[in-house]
Amino acid sequence: MIWEVFRQEKPGDYHTHCGNVHAPDREMAKQFAVIQHGRRKPTESLWVVPQEEVGEVDADEVAFGGTTDKSYRWAMAYTSSTEHAKEVIASQQEQEQAEADRQRGDD
Numbered sequence: 001m002i003w004e005v006f007r008q009e010k011p012g013d014y015h016t017h018c019g020n021v022h023a024p025d026r027e028m029a030k031q032f033a034v035i036q037h038g039r040r041k042p043t044e045s046l047w048v049v050p051q052e053e054v055g056e057v058d059a060d061e062v063a064f065g066g067t068t069d070k071s072y073r074w075a076m077a078y079t080s081s082t083e084h085a086k087e088v089i090a091s092q093q094e095q096e097q098a099e100a101d102r103q104r105g106d107d
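Numbering (the UniProt record's numbering), first residue to last: 1 to 107.
The hints are simulated quantities; they were obtained by calculation from the structure and are not laboratory data.
Built from N, CA and C at the ideal position, the CB exists for glycine as well.
Some hints could be false.
What the hints assert, rightly or not - Here are the computed lysine-lysine pairs in the DSS-like style, where the Cα-Cα straight-line distance is at most 30 Å:
#: 1; residue 1: K41; residue 2: K30
#: 2; residue 1: K10; residue 2: K30
#: 3; residue 1: K41; residue 2: K70
Claimed, not checked - Restraint ranges, calculated between C-beta atoms of paired labels, are given here:
#: 4; residue 1: Y14; residue 2: R73; range: 17 to 27 Å
#: 5; residue 1: M28; residue 2: R102; range: 55 to 65 Å
#: 6; residue 1: P11; residue 2: W74; range: 44 to 54 Å
Using the sequences and the hints given, assemble the complete structure.
Written out as structure tokens, the structure reads:
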């Protein structure tokens with residue numbers, strides 16, 4: 001039987017598909033998943049799912065995201081001047097200094 005394996009790298013991250021294992025039952029599949037997929041990279045948890053239980057919905061079946069053009073939501077052509085960046089950095093430094101002064105009680 002084939003089992004699909006999904007790995008979570010850090011707490012709060014999504015589980016992502018990292019491969020599959022061949023095993024006769026769930027317990028063996030979990031052990032194989034740990035050996036094959038849990039030791040290669042930092043791993044918080046693994047999901048092991050029978051392959052036949054994984055369902056697929058593709059664009060031929062459903063219109064994902066609706067039909068309304070919402071390209072205005074993505075800033076794909078946004079440019080910023082160097083002066084603007086300098087202002088942001090200076091403002092951030094001022095905020096950090098004010099916070100440090102406040103913590104020391106130098107208000």
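To see whether the hints hold, each was checked on the structure:
1. K41 - K30: 16 Å, holds
2. K10 - K30: Holds. K10 to K30 sits at ~19 Å (cutoff 30 Å).
3. K41 - K70: 37 Å, violated
4. Y14 - R73: 17 to 27 Å: With a Cβ separation near 21 Å, Y14 and R73 satisfy 17 to 27 Å, so the hint holds.
5. M28 - R102: 55 to 65 Å: 58 Å, holds
6. P11 - W74: 44 to 54 Å: 29 Å, violated
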